[in-house]
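J.: Construct the entire structure; sequences and hints are all you get.
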Amino acid sequence: MMVARALSADFLKMRRKGIWLLVILGSVGLLAMQGLNFGLRYDYLLQRYQDDPWAGLIGEIFSFVPIALFLGTTLIASQIANVEHGSNSWKQLLALPISRGSVFTAKYLLGIIALAASCLILSCGTVVLGLALKFSPDHIPYLTILKLSFVPFLASLPLFALELWLSLTFKNQALPITLGITAAIASLFAGNYPEWFPLAWPLLSFYGKASPALPVGGGIILAFIIYLAGMGQFRGKDVD
Amino acid sequence: MSELVIQTRNLNKKYRGRYAVRNLDLEIAKGEIYGFLGPNGAGKTTTIRMLLGLIRPTVGSIQIFGKDLRKDKMNILRKVGSLVEYPSNYGHLTAVQNLEAIRRILDVPKARIHEVLDIVSLTKDAKRPVKGYSLGMKQRLGIAAALLGSPELLILDEPTNGLDPAGIHEIRELIRSMPKQHGITVLVSSHLLSEVEQMAGTVGIIREGEMVFQDTIGNLKQQASGGFRLVVSEPQEALVHLIGQGYTGRMEDGAIKLDQLSDPEVALLVKRLVDNNHAIYRVEEKRRSLEDIFMQVIEQGGFS
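These protein sequence lines are chains A and B, in that order. So in our numbering, spot 48 of the first sequence is number 48, and the numbers just go up one at a time. So in our numbering, spot 1 of the second sequence is number 1, and the numbers just go up one at a time.
Derived from the structure by calculation, the hints contain no laboratory data. We treat Cβ as the ideally placed atom computed from N, Cα and C, and that holds for glycine. Be aware that one or more of the hints could be misleading.
[Claimed, not checked] From the derived model, a few chain A residues whose C-beta atoms are all more than 10 Å from chain B:
#: 1; residue: Leu21
#: 2; residue: Gly29
#: 3; residue: Gly35
#: 4; residue: Tyr42
#: 5; residue: Ser87
#: 6; residue: Leu93
#: 7; residue: Ile113
#: 8; residue: Ile121
#: 9; residue: Ile140
#: 10; residue: Phe189
#: 11; residue: Tyr193
#: 12; residue: Val239
[What the hints assert, rightly or not] Calculated pairs, DSBU-like style, for lysine-lysine (alpha carbon to alpha carbon, straight line, at most 35 Å):
#: 13; chain 1: B; residue 1: Lys30; chain 2: A; residue 2: Lys237
#: 14; chain 1: A; residue 1: Lys171; chain 2: B; residue 2: Lys257
#: 15; chain 1: B; residue 1: Lys73; chain 2: A; residue 2: Lys237
#: 16; chain 1: B; residue 1: Lys131; chain 2: B; residue 2: Lys79
T.: Put into structure tokens, the structure is as follows:
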């Protein structure tokens, strides 16, 4: 499989590039913030969430998940692309006997693996944090905790697909990073957006009163369309 | 004519209405070192990018190993090693890791990494991050990367650019050894004739996107002959005698100046003069340097 070979090479190239540090810092940072929040206001928050302290913790964490996903997506996409831009390696890489589609796809898989790893750390860390805050170990809502990170992650995939495409296309990363940060800030007001608007999807996927089918299904489908469009452009372009 | 490894037909690349490469017919025979020459911006790199499938020709076809590049790109690239312009490498990785990243894509045995490092004499520095390398070492690593897949064709774009004389010599020796030791055909581009004349068997000279000369280096050298100077006793009478025999010549500083002649013609001419009782003091060939010829070709677009 050509994609597997390209991906294996990509894993090697990403060593010491800070991508895995970002994966850990992003998720652990969110947890540390809530650890501090609950640590400082333990009695107040426990009283406020006395019915279900786990749900309270999950809710507090979730309020930062969409923005963290958008920022993480932007930075990871840029880092993945920069490994090749920064070393002028596109011409060397694309003159190897490997299809451009495989190279492109491997970059997407690498990004998805990195983001999913961060989500997994967040979910596991939520359980650890809850237990550290002395919440009942008998009522751990495992499924909700998994959904806490993975459902918004799937709903945020369109932005990842777009960010990675732009980052791979432009050597100058100013445009994709500006766009990503703008989207992250705009996501703070996601509650006011119509539900068909992709920037609202990560929020709606977890908090929506309706089913998460639109934000999650729409997220996956839209991301796939952007990926296919990006691949079409990447395969035909001239490499300087 | 021996088997052609690269053959382009009517190759054109147009950027924003301007031709970077125009009607290029490149022919490179198996096992030779082909020097691809031209001033900066003449279209060498553009041509090489087309040969590697990095950019698409606007018009024209490329055949490598007798196959069409558009249809058999993967099979062709598997047998091609390349180094395009300034070296590409991942500075945060060591030489071994850089080669490993490429090896994983090529899917060749791991032992190959140490073989190619040995060929370019980088074994000693193989475990250091590449960002601390000198330009020459980076260039050698680039050649090692090009050799990793045991290619049959090596395409090197300005491999000696920016190197010091020792580095240039080293790379030149390395390239020269390729056809002999490994049976590899080499295309090497440069903007300096002196750099390729010592290794290339054939040269192609490109100017403003068009091929203005493509032949063996021997034939290029032949163009270097600028005629003969003959110093004899009684030069006036000798010249009259020679003109009477059908030669064209004139007096210049007390010597006879003749146009370019082949070796047997020179022998015959000398014999005739001797038979006519002229004493011959000197027969000198006036040579122009290859660099002069190169300049003439790229300035005028061909031989005058």
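J.: Against the structure, test the hints numbered earlier, and report the numbers of the ones violated in rising order.
T.: Violated hints (numbers, rising): 5, 6, 12, 14; every other hint is consistent with the structure.
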